[in-house]
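Protein chains: 2
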Amino acid sequence: MNIPNSELPRVIIIGGGFAGISVAKKLFDKKVQLVMLDKRNYHTFQPLLYQVSTSGLEPDSIAYPLRKILNKSNNSFFRLAEVDQINADQKEVKTNIGTLSYDYLIIATGSKTNFFGNENVEKNAVWMKSVPQALNLRSLILENFEQATITDNVEKRKALLNFVIAGAGPTGVELSGALAELKNHIISKDYKDLNKEEIQVHLLEGEDLVLPPMSKKSSANAQRFLEGLGVHVHTSTFVEDYKNNIVTTNTGKQFNTETFIWSAGVTGAPVKGLQAKAIVEKANRYEVNAFNQIKGYTDVFAIGDIALMQNEDYPKGHPMVAQPAIQQGEHLAKNLLRLLNNEEMKPFSYYDKGTMATIGRNKAVVDLGKLKFGGFFAWFIWMFVHLWFLVGFRNRIVTFFNWVYSYVNYDRAARLIVRPFKHKKVEMSDTD
Amino acid sequence: MNIPNSELPRVIIIGGGFAGISVAKKLFDKKVQLVMLDKRNYHTFQPLLYQVSTSGLEPDSIAYPLRKILNKSNNSFFRLAEVDQINADQKEVKTNIGTLSYDYLIIATGSKTNFFGNENVEKNAVWMKSVPQALNLRSLILENFEQATITDNVEKRKALLNFVIAGAGPTGVELSGALAELKNHIISKDYKDLNKEEIQVHLLEGEDLVLPPMSKKSSANAQRFLEGLGVHVHTSTFVEDYKNNIVTTNTGKQFNTETFIWSAGVTGAPVKGLQAKAIVEKANRYEVNAFNQIKGYTDVFAIGDIALMQNEDYPKGHPMVAQPAIQQGEHLAKNLLRLLNNEEMKPFSYYDKGTMATIGRNKAVVDLGKLKFGGFFAWFIWMFVHLWFLVGFRNRIVTFFNWVYSYVNYDRAARLIVRPFKHKKVEMSDTD
Chain A
1 MNIPNSELPR
11 VIIIGGGFAG
21 ISVAKKLFDK
31 KVQLVMLDKR
41 NYHTFQPLLY
51 QVSTSGLEPD
61 SIAYPLRKIL
71 NKSNNSFFRL
81 AEVDQINADQ
91 KEVKTNIGTL
101 SYDYLIIATG
111 SKTNFFGNEN
121 VEKNAVWMKS
131 VPQALNLRSL
141 ILENFEQATI
151 TDNVEKRKAL
161 LNFVIAGAGP
171 TGVELSGALA
181 ELKNHIISKD
191 YKDLNKEEIQ
201 VHLLEGEDLV
211 LPPMSKKSSA
221 NAQRFLEGLG
231 VHVHTSTFVE
241 DYKNNIVTTN
251 TGKQFNTETF
261 IWSAGVTGAP
271 VKGLQAKAIV
281 EKANRYEVNA
291 FNQIKGYTDV
301 FAIGDIALMQ
311 NEDYPKGHPM
321 VAQPAIQQGE
331 HLAKNLLRLL
341 NNEEMKPFSY
351 YDKGTMATIG
361 RNKAVVDLGK
371 LKFGGFFAWF
381 IWMFVHLWFL
391 VGFRNRIVTF
401 FNWVYSYVNY
411 DRAARLIVRP
421 FKHKKVEMSD
431 TD
Chain B
1 MNIPNSELPR
11 VIIIGGGFAG
21 ISVAKKLFDK
31 KVQLVMLDKR
41 NYHTFQPLLY
51 QVSTSGLEPD
61 SIAYPLRKIL
71 NKSNNSFFRL
81 AEVDQINADQ
91 KEVKTNIGTL
101 SYDYLIIATG
111 SKTNFFGNEN
121 VEKNAVWMKS
131 VPQALNLRSL
141 ILENFEQATI
151 TDNVEKRKAL
161 LNFVIAGAGP
171 TGVELSGALA
181 ELKNHIISKD
191 YKDLNKEEIQ
201 VHLLEGEDLV
211 LPPMSKKSSA
221 NAQRFLEGLG
231 VHVHTSTFVE
241 DYKNNIVTTN
251 TGKQFNTETF
261 IWSAGVTGAP
271 VKGLQAKAIV
281 EKANRYEVNA
291 FNQIKGYTDV
301 FAIGDIALMQ
311 NEDYPKGHPM
321 VAQPAIQQGE
331 HLAKNLLRLL
341 NNEEMKPFSY
351 YDKGTMATIG
361 RNKAVVDLGK
371 LKFGGFFAWF
381 IWMFVHLWFL
391 VGFRNRIVTF
401 FNWVYSYVNY
411 DRAARLIVRP
421 FKHKKVEMSD
431 TD
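Residue numbers (UniProt numbering), protein chains in the order written: chain A, 1 to 432; chain B, 1 to 432.
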């Protein structure tokens with residue numbers, strides 16, 4: 001793999017998401033040799049993927065080359081590689097571009113979409129965990145509008161203009177809001193031959209409220225904002241199947257749609273090779289102790305979505321979102337340096353900075369400790385926080401500019417079908 | 001196709017390139033019903049495609065939704081469609097989304113890459129006439145750098161880092177310059193494990209100078225600028241074959257490369273259905289009279305690259321570039337309106353506004369009538385003209401911002417592999 005030999009202990013990080021980047025940054029120019037492996041050459045700012053899907057932002061606004069990040073340090077190396085297997089006995093990682101030994105291994109492979117075993121959903125739905133998938137979804141949405149324009153058959157046109165989203169977590173809520181905005185502000189401009197009232201956005205959620213992890217107040221606010229935008233919210237509704245363009249549910253409600261977006265759950269994305277007991281089966285995540293060491297190992301760590309750290313406050317582990325990943329990464333970096341100095345590691349504790357979700361172009365809900373608020377000011381906070389966290393100067397400016405423009409013009413940036421999806425049989429595979 | 005019936009005569013325009021857009025704009029809100037058909041939903045600013053390939057600009061900076069353009073008029077319709085055939089007898093256009101009758105038909109389908117019958121080149125080379133192709137080329141370049149990083153075999157690494165471009169027209173020259181800039185300013189930052197001296201850019205040209213259509217002075221300047229950037233220019237060199245990563249030429253010189261970019265020629269992209277004599281065989285373009293009427297027809301017109309209008313000044317037709325396309329489009333719009341008013345049409349005459357090409361990040365050559373100059377001022381003019389012509393306010397600003405940023409930082413915007421190319425067997429097909 002052409003990584004130079006070094007006197008320094010080698011730390012391999014698998015995955016350049018929030019967790020991988022945050023541990024890497026804190027190890028820059030410390031007494032370790034860093035190697036980051038990822039199957040993509042860029043970091044994806046996942047919280048804004050829904051903006052790419054709905055033509056609000058271009059990929060380069062929410063993705064950033066991993067090399068550019070790792071370049072800031074002399075002892076850091078990036079390799080575009082897919083990891084096949086870990087051989088913990090030999091302290092080696094086997095990849096499609098060769099095998100590399102490690103002194104410490106950090107697994108930060110994140111999560112993947114969870115279909116809960118429903119094969120029809122996996123085969124027929126679309127979802128959005130990566131930039132190419134988000135571009136696929138964008139193409140599908142635009143191709144549906146194009147096709148609806150020329151479709152006389154009412155049933156068929158309904159199916160093309162029905163957007164059904166399963167799962168009212170932040171992704172589902174934000175996507176529904178953005179689709180409603182597309183309907184309200186863009187369609188009558190771009191697709192004047194469509195009757196925009198025929199466009200329907202349905203959001204399905206198994207629990208009895210949207211944004212289940214947030215406060216009751218924010219859930220209620222979010223639902224009100226969504227309904228204000230015209231989104232049909234169906235709570236206590238479980239999806240049973242999706243085939244022949246029909247979504248069936250436990251309540252008997254059916255939805256006729258060519259665009260069924262699955263955002264109803266994620267599951268860990270572990271790597272082959274560690275002993276079976278390291279993985280908590282149901283969650284598909286590595287069981288780690290308070291130092292993020294994977295059960296049964298002292299030199300193999302897991303951080304972020306893929307790590308399941310159970311304690312009193314979080315009996316089911318931390319939420320699979322950016323904040324725990326970032327904090328675990330930073331904490332692990334410090335612990336590694338302590339290890340190298342023969343000091344004792346300190347246990348991780350999660351500081352909940354709050355959660356938020358945006359609904360449409362000027363509303364959001366925010367839970368900040370005991371403070372729970374929603375509306376325009378919340379949206380302003382949401383925008384500020386997201387801009388702030390976007391990696392890299394340029395992205396921040398371009399994104400900001402796009403948002404301001406989009407806000408002033410009620411218009412969305414680019415509605416280009418660059419990855420024709422529908423008639424090309426593009427696979428939704430995660431590596432695409 | 002769901003185009004409403006209208007009292008007004010229907011004008012169908014096939015193709016939303018420079019020619020198609022310019023004729024459409026001049027017919028907005030006149031007494032015609034306009035229908036534009038294109039297989040993509042966006043206009044591509046082709047002169048800047050090379051910037052997408054070399055990670056300088058994102059697609060949305062150089063592409064613009066056709067619907068957004070046509071929306072400016074009430075009597076205009078866009079349909080995403082591939083034209084299968086013209087039935088001139090029935091005055092109908094047959095497409096993949098149905099058949100539509102016309103009163104006047106304007107063919108503005110442009111050109112496609114010309115391989116001059118060399119099947120190996122067509123099979124093994126890459127080229128760049130569309131946004132997806134430009135993104136493929138970008139991915140290929142970046143994937144080659146990644147692969148070179150991990151390749152010990154010197155010969156193999158050479159092939160990965162040799163970039164060979166056939167054809168020193170504006171595209172070949174601009175692409176070579178941009179690749180040389182990538183080498184000089186980016187590689188040592190992003191790929192510090194690569195020895196940048198191993199990267200070689202070779203530009204091959206059959207004629208004895210680069211930019212053959214320009215003045216001798218500009219050709220000489222361009223060659224000097226290219227060589228100043230480290231590009232190896234091989235004039236009087238014809239490509240004979242490309243297989244097993246080897247480019248062979250008439251001079252005996254061989255090039256070992258995994259990236260052979262073909263920009264050595266274009267040929268018309270006519271539509272099926274018109275009588276054979278309408279097409280000039282060698283050029284693959286429609287023979288048109290001074291009113292852009294296709295030979296043998298009075299109600300079927302061709303404009304832009306696909307039109308071959310021969311006269312004393314241009315015995316082989318106009319150059320296949322943006323200016324004649326734009327001017328013919330505008331002129332035809334006026335002629336159509338004259339026709340509808342029972343006035344006589346006026347013959348087209350081309351006003352040569354000059355030609356220019358840019359080399360790298362701060363040099364260009366410009367032929368402006370008798371004025372021929374090159375260097376930084378020429379680059380400034382080049383940038384100004386290109387920004388000016390970019391369709392749409394937003395694109396102009398974003399592009400300008402990217403250029404300024406790129407200029408100040410010696411850095412390029414986004415080096416994302418969003419369309420993994422090499423190991424995915426993506427076809428270079430034009431419809432991709």
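For the record, the hints were derived by calculation from the structure and aren't laboratory data. Ideal Cβ positions, reconstructed from N, Cα and C, are used throughout, including at glycine. Misleading hints may appear alongside valid ones.
[What the hints assert, rightly or not] Now the in silico label distances, taken between C-beta atoms and shown as ranges: (1) P319(A) - N184(B): 13 to 21 Å; (2) G117(B) - N87(A): 50 to 58 Å; (3) K353(A) - F401(B): 30 to 38 Å; (4) G98(A) - N184(B): 49 to 57 Å.
[Claimed, not checked] Listing some non-contacts, in silico: residues in chain B with all C-beta distances to chain A over 10 Å: (5) R79; (6) N87; (7) F115; (8) T149; (9) D152.
Comparing the hints with the structure gives:
no. : hint                          : in the structure
1   : P319(A) - N184(B): 13 to 21 Å : 46 Å, violated
2   : G117(B) - N87(A): 50 to 58 Å  : 52 Å, holds
3   : K353(A) - F401(B): 30 to 38 Å : 31 Å, holds
4   : G98(A) - N184(B): 49 to 57 Å  : 30 Å, violated
5   : R79                           : 7 Å, violated
6   : N87                           : 19 Å, holds
7   : F115                          : 24 Å, holds
8   : T149                          : 6 Å, violated
9   : D152                          : 7 Å, violated
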